[in-house]
Amino acid sequence: MVAYSAVQASNAAIARWLPETVVAVFVGGTSGIGEYTLKELARAARKPRIYILGRSQSSFDRIAAECRQINPAGRYVFVQGDLNAVCKTVQGREEAINIVFWSAGTLIRGQKTAEGLDLAAASRIYSRTRIISNLLPQLEAATGLRRVVSVSTGTSEGAIDFGDFQLVRSSSLAKQRAHNSSLISLTNMRFAQRAPTVAFVHDYPGHVRSGISRGATGVLGAALVVVRALGPLLFFRPEQESGQRHLYYLCSARFRAREGVEETVPLGEGVATARGVDGVEGSGVYSCDADNDEAPEKVEMVLGRHREEGALERVWERIQHDTKAILGAAY
Numbered sequence: 001m002v003a004y005s006a007v008q009a010s011n012a013a014i015a016r017w018l019p020e021t022v023v024a025v026f027v028g029g030t031s032g033i034g035e036y037t038l039k040e041l042a043r044a045a046r047k048p049r050i051y052i053l054g055r056s057q058s059s060f061d062r063i064a065a066e067c068r069q070i071n072p073a074g075r076y077v078f079v080q081g082d083l084n085a086v087c088k089t090v091q092g093r094e095e096a097i098n099i100v101f102w103s104a105g106t107l108i109r110g111q112k113t114a115e116g117l118d119l120a121a122a123s124r125i126y127s128r129t130r131i132i133s134n135l136l137p138q139l140e141a142a143t144g145l146r147r148v149v150s151v152s153t154g155t156s157e158g159a160i161d162f163g164d165f166q167l168v169r170s171s172s173l174a175k176q177r178a179h180n181s182s183l184i185s186l187t188n189m190r191f192a193q194r195a196p197t198v199a200f201v202h203d204y205p206g207h208v209r210s211g212i213s214r215g216a217t218g219v220l221g222a223a224l225v226v227v228r229a230l231g232p233l234l235f236f237r238p239e240q241e242s243g244q245r246h247l248y249y250l251c252s253a254r255f256r257a258r259e260g261v262e263e264t265v266p267l268g269e270g271v272a273t274a275r276g277v278d279g280v281e282g283s284g285v286y287s288c289d290a291d292n293d294e295a296p297e298k299v300e301m302v303l304g305r306h307r308e309e310g311a312l313e314r315v316w317e318r319i320q321h322d323t324k325a326i327l328g329a330a331y
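Residue numbering for the sequence shown follows the numbering used here, beginning at 1 and increasing consecutively.
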């Protein structure tokens, strides 16, 4: 566990060590963990330029007003539209991007997108993969900091069900976590092969108040109502701590890229470079828990077995195939 005090000390040094203007893209930044992290970045950086890709103009207006109070020198830009359109908008304004932060997701089951994808899989896997792929050239072009953080189910990697790739038929939450976690970490590994100067973090945020359960029904929906009611009394992590711990992923040298020179906050006393999913320190792809710790050895073994069995290529090819069937082109 990385002590919260160490996280706070590292984040307090961001203005000293990072470039004056940090360019960040947040997907899911109008509520929950994305919002908490965005505000902490606004607080810590000198002149951040933050793009928020979302659906709710009113939520953005509220958050932007709060961020302007926190840091009037920052710029906060709302971008609305389909995936390709929002990426083109950002690419048209920025030659280089330092940060892509993904916290969008849903627990709604049994609903389809207009393209025929399972709604949860579309958000968690397909949309995330496409946005990172689209913005990877801008990330590689950045001088200094180059980070992608995906908030989901880090450290839960397990079996992959290629016969039910979108988990349409699965009702087991444990199976869903194992499957989805592996897909995210494996796609991060694929991205790191293409862009070794970019660091990729997949984390589990712990119990945090967020909008991910919005719209969930049935037994899961009922259980989540109870959790939301009792969470503040029992186990919800404070919003600011969640934001601080995710900001730490974005800016600390603990989660460095495999290659290249980064402008990041140096390691604090007693803090080591994190071990990547391949078991090697500083290898650029990380699966982490709610306390900024890297995944245990058993997760490294699971992902190692997936690589040996060709799952990395199979996952990528399947996502490419499904994307091409919908859009007429892969990436």
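Heads up, some of the hints might be wrong.
To be verified - With a cut-off of at most 30 Å between alpha-carbon atoms, the simulated DSSO-like pairs for lysine-lysine come out as follows:
#1 K175 - K324
#2 K88 - K47
#3 K175 - K112
#4 K298 - K175
#5 K298 - K88
#6 K324 - K112
#7 K88 - K112
Worth flagging that the hints you see were computed from the coordinates, not collected in a lab.
Next item on the list: Determine which of the earlier numbered hints do not hold for this structure and return their numbers in increasing order.
Entry: 5
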